[in-house]
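Chemist: Read off the chains here:
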Amino acid sequence: MLFDTPVYLLFLTLVVAAYWRLDRRRQNQLLLAASYFFYGWWDYRFLTLILISTVVDFYCARYVARSNDAHRRKLLLALSVGLNLSFLGFFKYYNFFADSLATALGSMGMHVSMPVLQIILPPGISFYTFQALAYIVDVYFKKLEPADSLLDYALFISFFPHLIAGPIQRPSHLLPQTQRAREFDRYKFFDGMQLILTGLFRKCVIADNCALLADGAFNGTLGPPSIAVLAIGTYAFAWQIYGDFSGYSDMARGAAQLMGFHFMVNFRQPYLATSLQDFWRRWHISLSTWLRDYLYIPLGGSRNGEKQTYRNLMLTMLIGGLWHGANWTFVVWGGIHGGWLALERAMGKLTGISDKPAEEEQILWSAGAWMKRLLIFHVVCLCWVFFRAQSLHEAGRMLSGLGVWSWRPEYGTALLMLAAFSVPLFLLDLLLEIRQEEYPLMRIAEPWRIASAMTMAFLVLCFAANQVNAFIYFQF
Amino acid sequence: MPSVLLLAGLVAMLAGAEAAARAVLSPSSRIQQRVTNELDGARSLRAGSGSREKSVLIAGNSLLLAGVEMDRLRSALQPDWRCQRLVIESTTYLDWLYGLRRLHREGARPNVVVLMLSTRHFLESAVRQDYFAHYLMGIEDLPAVAMATEMHPTVATGMSLAHYSLFYGIRSELRRTLLGNLFPGLERLTGLLTRRKRMALDLEKVKPVAEERARELEQLSRSDGYRLVVVLPPAGDEDLQQPEVADLLRRQGLTVLVPVSSQDVPKTQYSDGFHLNNEGARVFTDRLAHELKGAL
Chain A
1 MLFDTPVYLL FLTLVVAAYW RLDRRRQNQL LLAASYFFYG WWDYRFLTLI LISTVVDFYC
61 ARYVARSNDA HRRKLLLALS VGLNLSFLGF FKYYNFFADS LATALGSMGM HVSMPVLQII
121 LPPGISFYTF QALAYIVDVY FKKLEPADSL LDYALFISFF PHLIAGPIQR PSHLLPQTQR
181 AREFDRYKFF DGMQLILTGL FRKCVIADNC ALLADGAFNG TLGPPSIAVL AIGTYAFAWQ
241 IYGDFSGYSD MARGAAQLMG FHFMVNFRQP YLATSLQDFW RRWHISLSTW LRDYLYIPLG
301 GSRNGEKQTY RNLMLTMLIG GLWHGANWTF VVWGGIHGGW LALERAMGKL TGISDKPAEE
361 EQILWSAGAW MKRLLIFHVV CLCWVFFRAQ SLHEAGRMLS GLGVWSWRPE YGTALLMLAA
421 FSVPLFLLDL LLEIRQEEYP LMRIAEPWRI ASAMTMAFLV LCFAANQVNA FIYFQF
Chain B
1 MPSVLLLAGL VAMLAGAEAA ARAVLSPSSR IQQRVTNELD GARSLRAGSG SREKSVLIAG
61 NSLLLAGVEM DRLRSALQPD WRCQRLVIES TTYLDWLYGL RRLHREGARP NVVVLMLSTR
121 HFLESAVRQD YFAHYLMGIE DLPAVAMATE MHPTVATGMS LAHYSLFYGI RSELRRTLLG
181 NLFPGLERLT GLLTRRKRMA LDLEKVKPVA EERARELEQL SRSDGYRLVV VLPPAGDEDL
241 QQPEVADLLR RQGLTVLVPV SSQDVPKTQY SDGFHLNNEG ARVFTDRLAH ELKGAL
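Chains as they are written, first to last, in the working numbering: chain A, 1 to 476; chain B, 1 to 296.
Excised from the complex, chain B in its bound form (with noise of 0.2 angstroms):
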């Protein structure tokens, strides 16, 4: 019968999918690997005391990616702190407030968590879908995560499939692999369709969501016992009003810093005009470490 033997062919290309995912696929990609090792050093930070080192989480997209040299950093730390990063690209608030969720009930238990986000990523109200979906949300978010983002019911349910399934949730990153071998131009065209020309942020309007946020991240940082520092990185020329966010922030009681402003940035240290360069790292990181000694 041609529609069972079809039905049993495609039942089998997705469980051989997915078995790709996570026996080639995700061990293959360097991307990947890099997010699972995280995870998994994310999970297994446990906090210090007294003399015993402690453990500080670093999270963040690729502003920390680019911006941070995590072996500097490491060693302008030591011996008192264990640095453990965790990026996962193309994140924002929401994607992090639900990760952090997620990290401490799998068991991720550090002193201090470093959220470094730029401004409007700490104010964007969306989530990385199906990556995050796999990643960074627990299922018993969902509903929330729903609710906070006004997510379709179609959506939501993509992500609860997300969640279980490595193929579903990474199957973008795995097209972009696929289309970037093939054209090899795709990464600058990718770069010109996603570039947007952004206003600039009306801080009244954005008061009342900054100080929501500021609350649900003290709260979160209290009922799973760990400190929380917000990092503002620059992040180019559309991410102007860092002191005033950091302003309506700190007033909540969270703890920010602002190593270096966005206008204190040179257009020679962004690789972009939106991540740093290498010189640009350097500089940040130099000011992050010596910023973050003080407040640890």
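Next up, chain A with everything else stripped away, as it sits in the complex (with noise of 0.2 angstroms):
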């Protein structure tokens, strides 16, 4: 069930109503029971892991907490998180282990012939693995009390806002919300409302749309790889993955805020960043957040040295990018990110200037910051590439363009088309980044607030483009 279809919009509708009416233990009731039809209305044949997996993590978590015994402890962990990380491994991963080391021995001159398999990804098992993995840990670190209950627990791990592509809800912030009751508050619901909107504006508008010219850049339907079809492609893309995992974000969020939950922010305004690092702050935060806390600083962070530092952040962003994708391109993708962050790193170090967004407020009219938002779209943009290829050789035809220039009549349709679907993007960004709101316009009269959603459903209705596009994030 795709967050932009009329099913997904009836079952959110059947089950909301239906929630409203019942106690909290009914409500985690009936959310679990909807979160597995959700997953199994996806592929009903993985609902066997997901539950296995909860079951286990459940008790290991429980054992863990009871338990003094340093030994047994770390048994229980390593189980847990090896169970967790054996599933995603070979769902996600074994294929490209297989063929990689099949190609480096085979570079070697020992020519191994490694059996491929079948393998379908289980939706949403980077996220939900993700999560398992945090409450685990944080329950061995004593950071988190075990959940008492299999019931809430299930329903941390499964929620259907956030179970096939996040935002990676963290134990501290959803558990305690699965246990106590939630209230219903008829502002917070119409925040709820209206991000789904604003969400469904970014996806089907924004994305949809967008995404129509990066396909045809980089399936070569546009022609033959130029800046012009570089730049169409790129762009295009740049705006498609942002809309495209914003909006299912928002539409996230908003679900869950329509039955009382809050689920953390994933984007504040991210081609608005002024150095990467500030970029990082502000894109996929759930994500971001949790590699820095789950593995930058388990593996030393900043703590032990500058070269330590440098490899703890190279570490970090190749193993983000691989978690995006079996592929060497999601590789390279990470491989830009850390170098650059560590550039970043050691150019502050130089010249002695922190890279801390406080007086953001004040900066983001000056030249200077528009030209540092400028350079850091433009190195996200070139990261982009990796991302939206097949393959490093395809990443590599398209960068090739920029050594040749050639020109249709159809591009300059192509970008008068991509700068209208992206200006009100950027424009909404500005707003948002201007004004500093969680939710769209929160302080301005409602009035204004219905008519801007109803503007945002309007358009919806006009630009939605007709093909039913899965979101990009599901295939991680």
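Worth flagging that the hints you see were computed from the coordinates, not collected in a lab. Note that beta-carbon positions come from the ideal geometry of N, C-alpha and C, so glycine has one too. Among these hints, one or two may not hold up.
Quick partial rundown of chain B residues pointing at chain A, CB under 8 angstroms, derived from the structure [as the list claims (entries may be wrong)]:
no.: 1; residue: Met-1
no.: 2; residue: Thr-157
no.: 3; residue: Leu-161
no.: 4; residue: His-163
no.: 5; residue: Phe-183
no.: 6; residue: Arg-195
Take a look, some chain B residues computed to stay more than 12 angstroms from chain A by CB distance [said to hold, decoys possible]:
no.: 7; residue: Leu-5
no.: 8; residue: Asn-37
no.: 9; residue: Gly-48
no.: 10; residue: Lys-54
no.: 11; residue: Ser-62
no.: 12; residue: Glu-69
no.: 13; residue: Leu-97
no.: 14; residue: Arg-101
no.: 15; residue: Thr-154
no.: 16; residue: Glu-187
no.: 17; residue: Lys-205
no.: 18; residue: Val-206
no.: 19; residue: Glu-211
no.: 20; residue: Arg-215
no.: 21; residue: Thr-285
no.: 22; residue: Gly-294
Mind assembling these two chains? They're in different frames, but the hints should get you there.
Modeler: What follows is the structure, given as structure tokens:
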């Protein structure tokens, strides 16, 4: 069930309508049943996987919390982490590693034939695995009390708005919400509806229309690689992926909010970042903070000297890249991000300028800040070429267009269309940046908020691309 | 309460969109008008016998629209045959398999149905989703369509909505019209974006598909009481295996006409390498009329 389809909107309406008539326990039962139905609609075969993972993690965490035996605690932690990572590793990375190993051995003259398996990636596995890992690790380090009800824990893992593509919820944030009664707040309910409409606008109007151009450029129908094709493809993809994922996140947050839950903000105007470090404070925040807290800091963070810090930074970004998909293109994508972050850190050390966005308000309109934004936007766009391409070869082919100039009248129409679909999102971001709001236009009068939501809905009715386009992050 | 107001506004907007689609948008579009008129014409066809004028329904996609001059064809087939055209663009075999079923249920009783599809269109396994769901698919056929196209339940549910809602069914056309007005060069850009380099058909692979489809059509025409004629029109460089596919279909007992094969049409008779231009249409219509007269 895609969030932008009538069947999902019907499903959500029915669930919300029933939800507010029940007490907390029954609410949780309803939501769990609805979440498993939602997941089963995608692919019922993988329900077993999520059930096994849920039960094992729940009991491991309970015994970890109860036990004083350090060895036993470690063993239980290893069991839970091992199980989650082995599911993820097998379903997502088996073929990638088998193929890469065979290629590496082949280059050393050892020709081996690794069995290639026809494995289907279970939907949402990368997201719920990270959520489960955070839970067991937090319980192990006594930062969190384990859930005392399997129902509450199962709901924390499987709650349908975040199940397939996040935002990756922190146990300390979402689990307590499953454990206490939710109260109906009409203003929060309205915020939720508005988030869903904003998300639909981002996805159906911006992302799906930009996707037509990005696909045309990357699959070659727009013409052989040239500066124009590269520009159209890369800019279109930049707005497509942003509209797609931030739209999905908004719709997830909005759906959760209709049921009295609060999800963390996943995007804060990323293309207004003035440095790559700033970009990662704004882009896919639930993943970047997860990587920081459960990978970068445990690796040592910046505590063990500069050399180790650079290593940790690079490792975190490489693994973050690989998390997105089993392909070398994602590793290169992570590598470029890691390299640039390291460069920024080194430059900061050299010049003594810190990159804390404390004076954001003051620098919003300064020419220097806009120059930085432009530079960072293009660094990010360069990385998107690797992210979007199916292979390193394809990425190289696209980038080879940098040295070629060719023009067709259709490119002018494509650029015009791209501007028409990206500028509204840019302006929306600028507005959110100026007003520093969690919900669009949350501080204006109610009638205007309703009017803005209706305008979004109207634009969706008029301009939604008609194909059913899965959200990009659903494949991760 | 803001959420109630917003909900009410959204419901009103959806109802308004549906009403506007029915009252204003559809009647003001030339394409929509044509489709509606032709569908009405097809539904009203009645079988003639003896000295009464017999009826023939010619169905197909843009290849029919561009390639056949209907007035010329009608006058060639008069006085014995009354011709009704039904063109729905971007449709292929499955659209028409279920479309003909629905037309029969809705009262269409032609003596002959001429289905005009290129070999590729005949062998494709897709439908024109929401538009098809509204105009050609009967709701009782949805499970069969979903199975035939390996459709995900999410898409199938959207199609059931499109079957009942005109706005949902034609919203892609509305969007295209809106965008076309905003960006005058859009048609050329879309042409560029949707062009596909196609490989030659692997006849061994398509043989079972062609045979099964020939049987399906044969059964359909027998049960619904009309004679079926398949016409394979010329469709450019990428459609050069008409003789082989025609033979495959004929072997299953289907009447198949290839009035002019793709390789016999000079490039000058195509408007875009795929659709015939006026000159090509004139030549093709004359040959089609000649062959139809023989076949009917």
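Chemist: In ascending order, which of the hints set out earlier in this document are inconsistent with the structure?
Modeler: 4, 7, 15, 16
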